[in-house]
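Novice: Quick note, the sequences are listed as chains X and A, same order. As numbered in my numbering, residues 1 to 403 make up the first sequence, in order. As numbered in my numbering, residues 1 to 403 make up the second sequence, in order.
Everything labelled a hint here was simulated from the structure, so no lab data went into it. Just so you know, even glycine gets a beta-carbon here, dropped at the ideal spot from N, CA and C. Be aware that one or more of the hints could be misleading.
Unchecked claim - Sample of chain X residues with no beta-carbon within 10 Å of chain A, all distances over it, derived:
id, residue
1, A28
2, E64
3, L68
4, D140
5, K220
6, D259
7, G277
8, E317
9, V319
10, L332
11, D364
12, N368
13, I377
14, E385
Unchecked claim - Partial chain X-side listing against chain A, Cβ under 10 Å, derived:
id, residue
15, D17
16, A21
17, V75
18, S78
19, I131
20, D143
21, P186
22, K189
23, T310
24, R313
There are 2 protein chains.
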Amino acid sequence: METIVLKFGGTSVGSTDRISAVANLIHAASSEAFPVVVVSAMSGETNRLIDLAQSFGAEPNKREFDALISTGEKVSASLVAIALNHLGLKAKSLSAAQVGMKTTAQFSKAKILEMDNEIIFQTIKDGYIPIVTGFQGITDTGDITTMGRGGSDTTAVAIAASIKSKRCDIYTDVDGIYTTDPRIAPDAKKLDSICMEEMLELSGQGAKVIQIRAVEFANKYKVLVRVLSSFKPGSGTLILHEENGMEDAVITGIASQTDQTKVTLHGVADTPGIASGILSPISDAGIDVDVIVQNVSVSNKTDFTFTVATHDRAEVETVLKEKMHGILYDELIIEEAIGKVSLVGVGMRSHAGIASTAFNALADAGINIQMISTSEIKITIVIAETQLEEAVRILHKAFNLGD
Amino acid sequence: METIVLKFGGTSVGSTDRISAVANLIHAASSEAFPVVVVSAMSGETNRLIDLAQSFGAEPNKREFDALISTGEKVSASLVAIALNHLGLKAKSLSAAQVGMKTTAQFSKAKILEMDNEIIFQTIKDGYIPIVTGFQGITDTGDITTMGRGGSDTTAVAIAASIKSKRCDIYTDVDGIYTTDPRIAPDAKKLDSICMEEMLELSGQGAKVIQIRAVEFANKYKVLVRVLSSFKPGSGTLILHEENGMEDAVITGIASQTDQTKVTLHGVADTPGIASGILSPISDAGIDVDVIVQNVSVSNKTDFTFTVATHDRAEVETVLKEKMHGILYDELIIEEAIGKVSLVGVGMRSHAGIASTAFNALADAGINIQMISTSEIKITIVIAETQLEEAVRILHKAFNLGD
Numbered sequence: 001m002e003t004i005v006l007k008f009g010g011t012s013v014g015s016t017d018r019i020s021a022v023a024n025l026i027h028a029a030s031s032e033a034f035p036v037v038v039v040s041a042m043s044g045e046t047n048r049l050i051d052l053a054q055s056f057g058a059e060p061n062k063r064e065f066d067a068l069i070s071t072g073e074k075v076s077a078s079l080v081a082i083a084l085n086h087l088g089l090k091a092k093s094l095s096a097a098q099v100g101m102k103t104t105a106q107f108s109k110a111k112i113l114e115m116d117n118e119i120i121f122q123t124i125k126d127g128y129i130p131i132v133t134g135f136q137g138i139t140d141t142g143d144i145t146t147m148g149r150g151g152s153d154t155t156a157v158a159i160a161a162s163i164k165s166k167r168c169d170i171y172t173d174v175d176g177i178y179t180t181d182p183r184i185a186p187d188a189k190k191l192d193s194i195c196m197e198e199m200l201e202l203s204g205q206g207a208k209v210i211q212i213r214a215v216e217f218a219n220k221y222k223v224l225v226r227v228l229s230s231f232k233p234g235s236g237t238l239i240l241h242e243e244n245g246m247e248d249a250v251i252t253g254i255a256s257q258t259d260q261t262k263v264t265l266h267g268v269a270d271t272p273g274i275a276s277g278i279l280s281p282i283s284d285a286g287i288d289v290d291v292i293v294q295n296v297s298v299s300n301k302t303d304f305t306f307t308v309a310t311h312d313r314a315e316v317e318t319v320l321k322e323k324m325h326g327i328l329y330d331e332l333i334i335e336e337a338i339g340k341v342s343l344v345g346v347g348m349r350s351h352a353g354i355a356s357t358a359f360n361a362l363a364d365a366g367i368n369i370q371m372i373s374t375s376e377i378k379i380t381i382v383i384a385e386t387q388l389e390e391a392v393r394i395l396h397k398a399f400n401l402g403d
Numbered sequence: 001m002e003t004i005v006l007k008f009g010g011t012s013v014g015s016t017d018r019i020s021a022v023a024n025l026i027h028a029a030s031s032e033a034f035p036v037v038v039v040s041a042m043s044g045e046t047n048r049l050i051d052l053a054q055s056f057g058a059e060p061n062k063r064e065f066d067a068l069i070s071t072g073e074k075v076s077a078s079l080v081a082i083a084l085n086h087l088g089l090k091a092k093s094l095s096a097a098q099v100g101m102k103t104t105a106q107f108s109k110a111k112i113l114e115m116d117n118e119i120i121f122q123t124i125k126d127g128y129i130p131i132v133t134g135f136q137g138i139t140d141t142g143d144i145t146t147m148g149r150g151g152s153d154t155t156a157v158a159i160a161a162s163i164k165s166k167r168c169d170i171y172t173d174v175d176g177i178y179t180t181d182p183r184i185a186p187d188a189k190k191l192d193s194i195c196m197e198e199m200l201e202l203s204g205q206g207a208k209v210i211q212i213r214a215v216e217f218a219n220k221y222k223v224l225v226r227v228l229s230s231f232k233p234g235s236g237t238l239i240l241h242e243e244n245g246m247e248d249a250v251i252t253g254i255a256s257q258t259d260q261t262k263v264t265l266h267g268v269a270d271t272p273g274i275a276s277g278i279l280s281p282i283s284d285a286g287i288d289v290d291v292i293v294q295n296v297s298v299s300n301k302t303d304f305t306f307t308v309a310t311h312d313r314a315e316v317e318t319v320l321k322e323k324m325h326g327i328l329y330d331e332l333i334i335e336e337a338i339g340k341v342s343l344v345g346v347g348m349r350s351h352a353g354i355a356s357t358a359f360n361a362l363a364d365a366g367i368n369i370q371m372i373s374t375s376e377i378k379i380t381i382v383i384a385e386t387q388l389e390e391a392v393r394i395l396h397k398a399f400n401l402g403d
């Protein structure tokens with residue numbers, strides 16, 4: 001039987017009225033294929049639970065923290081099932097433990113290892129729409145884990161991959177992927193489709209519509225993903241595997257991100273293995289590092305710079321001081337007020353001059369570039385956070401992305 | 001290692017401040033034996049979840065309803081564990097699924113079948129205080145069940161029986177068992193101890209301090225239970241297995257209960273098997289029947305009367321109309337406004353005249369008796385609900401139970 005995975009985020013299930021609307025969307029989708037649903041916690045619920053946990057101290061035990069906040073998705077899964085019953089449809093909520101969603105034991109940052117699709121298939125065979133709790137899993141020893149904010153997207157794509165669904169629809173509060181954030185550049189255009197690689201780069205840079213790990217999963221297992229709104233009708237943005245019709249566009253979109261911190265080890269002795277010596281303990285602690293830049297060395301010393309999410313700053317400092325062995329440096333410089341802007345497009349590969357167009361446009365506006373990092377289809381520029389929105393508007397205009 | 005089970009009800013974990021107080025009580029108990037904790041949902045939480053479920057219709061699917069409301073205990077278990085961490089103690093929350101608390105598949109009225117105490121012993125061996133979710137279990141197929149209001153008491157006693165704890169302390173918002181409800185008779189006395197059989201009768205008649213199934217469990221598996229307050233210090237009331245020092249007291253206490261409905265099948269053909277013909281389908285539907293009275297028959301017809309909780313009334317009517325085959329009767333009479341008052345005492349066995357003292361006292365006050373049911377250590381009297389409190393005060397005085 002052909003299936004379609006529908007994932008609903010926190011605002012989509014934010015109230016019992018919203019949940020009724022979601023039930024109608026599931027009902028409508030059932031005419032296309034048998035629906036399998038993944039839900040987030042009701043918006044506000046996860047924060048309420050975090051506040052409860054932190055009322056006993058800033059750093060609650062991670063196992064208990066995950067067990068606690070995982071209750072949010074259980075509540076919404078049951079409510080969605082009840083709302084579907086009300087429409088005359090059979091549905092069953094299934095927790096991560098019930099579907100055997102095995103993850104690593106890195107609490108709050110767990111990664112999916114495997115899942116048992118038998119339970120989902122059996123539920124479908126029995127005629128029930130499975131409503132699976134997103135964002136969470138269990139370890140080999142049965143402890144409950146969570147996968148970090150946005151993890152429900154990954155749950156949805158992982159299930160779609162496992163049961164070979166025809167598509168994974170990610171319902172959210174925006175109606176698709178735009179050339180850039182419309183709140184920053186009001187003439188931003190919705191894209192009808194975007195290729196997976198571009199999406200991967202856009203998502204990683206804070207497009208915020210879908211979690212990066214979900215896009216990676218979709219990329220790896222060739223899951224067709226669509227991003228659309230649960231609040232207003234529309235076809236959303238389809239995330240394509242092939243680069244169909246992308247030849248003309250040099251730049252597809254611009255992403256930006258705040259809440260980033262730049263960490264510089266100044267005057268590192270330039271010996272083999274410094275990069276892994278610095279980054280391995282950080283990676284072991286489960287902290288995601290984003291842009292990494294190492295300049296050429298001067299008199300056998302170099303500067304090693306990377307960015308992390310600002311909420312990881314305290315842990316990064318601890319790790320660098322306690323776990324980084326054998327790396328000598330002159331000074332540790334940490335700067336929180338930075339922003340990142342990224343130009344993304346598969347067309348970039350075959351077009352020279354993108355970087356210089358971007359740098360010139362920023363220079364004309366007096367915006368100083370602190371770091372540059374490039375990949376085949378992306379150019380990331382780190383600047384002062386205060387100038388970020390202006391930079392987005394300037395670049396959006398420089399590449400004629402608006403309506 | 002000697003263990004002690006501590007169970008905390010909804011008001012005892014009703015706020016993060018109360019949870020901190022509970023953590024201190026657990027810490028204090030750990031000097032007596034290794035604590036194993038069972039928790040209810042934070043007071044108000046279960047009702048909040050019920051309201052959410054019922055916003056889609058009055059009768060939500062029972063499987064989903066149970067999955068939904070079972071999240072309440074998961075939240076408080078994790079919070080208690082986090083509060084214990086804050087005191088420097090190691091603790092682990094364990095859900096019903098994690099401890100393998102197997103129950104029947106009667107959603108909302110599930111009964112414990114067996115539990116796997118290995119996980120609890122292993123947790124203790126690892127040095128962690130287990131914090132187990134009360135009130136819930138799982139079926140053989142992994143569905144989550146709940147055991148009805150007050151079910152956490154049963155969880156606690158079942159665990160105490162399984163791991164052979166020295167005692168099971170039921171922390172609540174009252175400081176022990178009284179001769180009767182102090183809100184009705186202000187001179188009611190707290191009992192330092194009560195024998196298990198009396199407690200069983202008192203609890204069943206609505207003493208409300210501890211759930212009847214928990215007392216039955218404790219009785220069956222010889223678990224020593226103590227009822228005490230988490231709000232103020234005190235030794236509570238110990239529920240004894242032996243009838244120590246009970247010889248003098250003829251009546252130990254008086255229980256009363258409202259929210260009861262009387263169901264009478266008038267003019268039933270008096271043939272063998274009517275009682276089971278009427279009650280079996282009700283029992284099959286998981287409805288608890290309380291007082292049952294059948295009078296002697298007149299011209300081969302009799303009246304068969306029983307009482308149920310008023311919230312079960314609609315289901316009882318449905319069952320009687322649809323499932324009761326081969327029983328003929330003239331009329332079905334249902335009366336909601338009834339109350340029950342019960343005199344309980346093991347001394348009753350060896351003393352004549354208890355019943356007549358009680359009936360005379362009620363007659364003097366002009367209170368009409370509708371039904372009488374007696375056991376070896378209990379006399380239950382059904383009267384109009386409006387006269388219930390007066391009846392309690394009259395009987396409390398007639399047997400000199402006050403201070």
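Novice: Each of the hints needs a verdict: does it hold here or not?
Specialist: So, going through the hints one by one against the coordinates:
{"no.": "1", "hint": "A28", "result": "holds, 18 Å"}
{"no.": "2", "hint": "E64", "result": "violated, 4 Å"}
{"no.": "3", "hint": "L68", "result": "violated, 4 Å"}
{"no.": "4", "hint": "D140", "result": "holds, 13 Å"}
{"no.": "5", "hint": "K220", "result": "holds, 29 Å"}
{"no.": "6", "hint": "D259", "result": "holds, 26 Å"}
{"no.": "7", "hint": "G277", "result": "holds, 33 Å"}
{"no.": "8", "hint": "E317", "result": "holds, 23 Å"}
{"no.": "9", "hint": "V319", "result": "holds, 22 Å"}
{"no.": "10", "hint": "L332", "result": "holds, 31 Å"}
{"no.": "11", "hint": "D364", "result": "holds, 54 Å"}
{"no.": "12", "hint": "N368", "result": "holds, 45 Å"}
{"no.": "13", "hint": "I377", "result": "holds, 43 Å"}
{"no.": "14", "hint": "E385", "result": "holds, 34 Å"}
{"no.": "15", "hint": "D17", "result": "holds, 9 Å"}
{"no.": "16", "hint": "A21", "result": "violated, 12 Å"}
{"no.": "17", "hint": "V75", "result": "holds, 5 Å"}
{"no.": "18", "hint": "S78", "result": "holds, 4 Å"}
{"no.": "19", "hint": "I131", "result": "holds, 9 Å"}
{"no.": "20", "hint": "D143", "result": "holds, 8 Å"}
{"no.": "21", "hint": "P186", "result": "violated, 38 Å"}
{"no.": "22", "hint": "K189", "result": "violated, 39 Å"}
{"no.": "23", "hint": "T310", "result": "violated, 25 Å"}
{"no.": "24", "hint": "R313", "result": "violated, 23 Å"}
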